[in-house]
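Here the structure of chain U is known, so what remains is to put chain D in place on it, guided by the hints.
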Amino acid sequence: MTTESVRSALPAALTEVSSGRTELAASTRHACKIYGSGDTAVTALDDVSLELPPGRFTAIMGPSGSGKSTLMHCLAGLDTLTSGQALIGGTDLASLTEKQRTILRRDRLGFVFQSFNLLSTLTAEENITLPADLAGRDPDPAWLETVVTKLNIADRMAHRPSELSGGQQQRVAVARALISQPDVVFADEPTGALDSRASTELLRFLRSVVDDLGQTVVMVTHDPGAAAYADRVVFLADGAIVDELDDPSKERVLAIMGRLGG
Amino acid sequence: MLRVSLRNLLVSKLRLFLTIMAVTVGVTFVSGTFVLSDTMVKAFGELYAGLTSGTDVVVRSEAAYAADLAATGGQVRPLDESLVAKVGEVPGVAVAEGSVFGFALVLDEDGEPMQPGGAPTLGTSLTDDPRLAGAATFRKGRTPSGIHEMALDARTVKQAGYEIGDSVDVVLRDGRRSFWLVGIIGFGETDSLLGATLAGFDLPTAQKVLGKVGVVDEVDVMAEGGVSASELRDRVAEILPEDVEVLTGEQVAEDGTASVRDSMGAFTTIMLVFAGVSVVVGSFVIWNTFNVLVAQRRREVALLRAVGATRRQVLKGVLLEAAAIGLVSGAIGLALGVALAAGIRSLLELIGVEMPTTSPAVEPRTVMAALAVGLLVTLVAAIAPAWAATRVSPMEALRNAVPAGGPVSRARRLAGWGVIGAGIAALAVCAVVGNQRWATVFATLITFVGLVVAGPTLTRGMARLADHGPRGGGWRLAARNIARNSRRAAASALALTIGLTVVAAVTVTATSLKESVSEAVSGGNRSDLILEPAGAGLGISPSVADVLRARKDVADVVELRESAAQVDGRSALVTAMDTDGLDRVIDLGIQGGSLDALEPGSILISTTAAEDLGVRVGDTVTVTFPETGDIALTIGGTFNKGSLINTNYLMTIPDFTANVTAPLDGAILMNSTSGTDPAQAKAAIEAALVDYPNVTVNDPSDITQKAQDSVDQLLGIVTAMLLLAIVVAILGIVNTLVLSVVERTRELGLLRAVGGTRRQVRTVVRRESVLISLLGAVTGIALGLVTGIALSRSLVAEGVSTLAVPTLSLLTYLVIAAAVGVLAAIGPARRASKVDILRAIASE
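These protein sequence lines map, in sequence, to chains U and D.
The end of the first sequence is residue 262 by UniProt numbering, with every number in the run present.
The end of the second sequence is residue 844 by UniProt numbering, with every number in the run present.
In isolation and in its complexed conformation, chain U is listed as follows (with noise of 0.2 Å):
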């Protein structure tokens, strides 16, 4: 496969350091999440305690309402916990406000979503640049330059999202996702709306935006495909962490997957 050869470049050496003593990219300890209170209580979260080291991809899978959503909304600042931690660097976000939070979704976090992740009035170049924008900063003309190149979108770039192709459109999501070189990009279904030859195309970006530029992403998902593209996948259901799998490959993330229930 060709995700075993894209990984194998990766220096084995550098993930066994950051996962035990650098400083972990984000984590959760404990987190608990519940919607309403009372009878009508629902535990979203519970006890969720998970480690997400730099330079890694990792995948979030479980069946529909086992929790992988809100744990990724909680973890990057997007929803609050009930109760626990969700950290990104050593940041704790409960002891950040509002604002702070926003703020730090827009310098040290990316995302991309399942389907509508572009402003339709800005151009491609302008949707990626606009958490710079935001900041009223120039983004880094040379990263910028090594993003759009990695993402194959160079001659997109001035156009609108209507004029892109909805694998374009994803591209661009992420370049934008990487624009202000993130601790972790978050990725919401990100395949969810493409076709088989996009999504594959996607996917193996991202897998290249962690093997080439040393990024950390972070991939909801409820296709065992695209989690095979991952270094790790975090099985969740109802809202618990039930296994992990390293190094995944399809076949074994079905298994498990159908296991679930899923």
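Quick caveat, the hints were computed from the structure, so don't treat them as lab data.
On a predicted model such as this, the values are computed, not experimentally measured, just so you know.
Ideal Cβ placement from N, Cα and C applies to all residues, glycine included.
Anything over 10 Å on all C-beta distances counts as not near chain D; from chain U, calculated:
| hint | residue |
| --- | --- |
| 1 | H30 |
| 2 | G36 |
| 3 | S37 |
| 4 | E51 |
| 5 | L96 |
| 6 | W143 |
| 7 | K150 |
| 8 | D155 |
| 9 | M157 |
| 10 | S208 |
Computed from the model, here is a short list of chain D residues facing chain U with C-beta under 7 Å:
| hint | residue |
| --- | --- |
| 11 | R471 |
| 12 | R746 |
| 13 | G755 |
If you anchor each label on the Cβ, the simulated ranges turn out as follows:
| hint | chain 1 | residue 1 | chain 2 | residue 2 | range |
| --- | --- | --- | --- | --- | --- |
| 14 | U | S165 | D | R311 | 32 to 38 Å |
| 15 | U | G214 | D | F17 | 50 to 56 Å |
| 16 | U | Y35 | D | L350 | 55 to 61 Å |
| 17 | U | G89 | D | L414 | 55 to 61 Å |
| 18 | D | V307 | U | V42 | 33 to 39 Å |
| 19 | U | A41 | D | L347 | 55 to 61 Å |
| 20 | D | R299 | U | D243 | 38 to 44 Å |
| 21 | U | S165 | D | L838 | 26 to 32 Å |
| 22 | U | S165 | D | I826 | 39 to 45 Å |
| 23 | D | R299 | U | T146 | 37 to 43 Å |
| 24 | U | E23 | D | R299 | 45 to 51 Å |
| 25 | U | Y35 | D | V307 | 32 to 38 Å |
Frame of chain U; chain D shown alone:
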């Protein structure tokens, strides 16, 4: 479809509220105007009926023509008092009494004039026969009798704090006199007649102090039992000389009511013009709202079409929704109008114009007008959007995109610019040619139509400019949003354009007028001091001029009097001045003939009036006075209108006095003898006139200031009226912003997710709002400026000789418009900043 339509209405309460308000403001204006004027007419009808209830018939001189009561003060040619006895001898007459009225200014205890705002200061004779008094009754005390006694209306007594037995000073035609207060009069439940002050005397005293010795203004008659009013009228008519008429009390009351109705008619027309502006602006807002609604509901409409709704049903659905909004707005506007009318009445009473009390008059016409305006405006404005809704293809149900206006076609762009160009060119021609009032208005309308057509293009142009605003300030996002919905933004801006065009045009014209007044005063005036009645006073006692003439430090005294009249059948204001010293107090700007030709039997007329009437120096014109009828005067010369005195016709005092009973001076122009210190002269004259507290002594700079103040006051009132139209436009902008925020929920959520702070999201919305407001302001002020210039030039014949552009005021409007943009954005921006990020980015 009906159910779908009605449910649509309730989806967004805020939107519904804003939409309804946009129509309601105009309807309120319309219905409030009608209710107020109907109520006044009704109240005065009741009051007049009450006042004349004791009088069966009234004998008085026939007016030469039906002049406006407000212009003549109701004065008709007095009758010889011998007629009273003759009428009394007519069989069936129980009582016949003469009565007179005239000028009497009551002073309070500090010697300050009791001058109600705009209402007359009346002196009159009072009957001692309670049968004739009608609704006017003595609240306290008794009928005055003799040269030292007087009664006052209850309101004046209350305000001045007088009591029975006090000595009260009154300024009369022949100077200041003191009387003992012996009676206090009320009129039914009301304390005064429309806020007028009323000083009552017995008949001989009234005749003496009001300048009507030996004459009466009318004869009030009561019939013996069993003789009807109309029967008595016919009997009295037989003994009357020519030019004297006899009316029943009812007819007199009706005449009075009719004159109130007439004066309310002018008020109604003016108010309806302002209401019209609000309604037009409101229709723009509605048009825009429905455009957006249809755009937002394209998928829903497509779905309806897909499941089998016909185009006709879709059209009907949208129009039904519009009709519902229109009717509700009409009903709310009607209710608010009744409240507004009550509010204005209270306000008038607060400033001293007391209204007779009655229940509010809501005529069927008012209800019809309110509902019709609400319904029609909404329906007409919704037709185009409704038609657009029928063009939605069922296939669109399957697509998901933020609706965006298509590109503006080249033809439309060219047409828009072409029409704007033509309109501006026409305005320029009007400005150059001058005196083209209607053409100016028409050209402005044309230009506005051009703006409507080219609006989206203008919007895009502005958006391109804003796109280059500072990074991170939200300018780019705001600009792009506006460009995406350029038609919507243009329509919102144009609603503001309407109001600002009128405000700017009025401001330019008023400034030019002010400038012209200053020039007229400095150019036309040669006098040292000008005496005028204080406040809204009727005039100055002629005895003031006698006081001045008796002084050694006064060289020239020229009295000026004015009256309504007709010249060659056209209504006009005629002015009379003393010829002695005339050219030393004023430069009339004589064009033809000469000033010396002004003598009894001749008249000077302005060049514009000469042109209008088609007459030249040496021709004869017929001046018809309401009291005395026709006199023929020879044109001695022509002069430039728009100098110091704003009149078209100037005649001599003797000719004037022969035709107007008991005239007062409208102004007195005077020169001090040479060598008198101007500052001392003014103080000396003021001291000499201590008995005439209603006279103000002005030097030329005071006159300029006064004239400018009155222009400013007028400008203030007009601007306040137009403020409502601007409020409607602001509602429109708020509405557009809210709708645009709602349809961009996902985009805003995304913006927040990738690191846009709440403040930044608010900023984007605010920038949009400011851009729309500025577009409306810039186009409105620009068009208003050009219109104002053309309008000023169109009034050259009316004395607007100078053109002045109030740059500071116009810039202020621009700043206010930007502030309005910020204000309008507060709600929508808050809403935008509170979008739920998770819901916005959730996949479907």
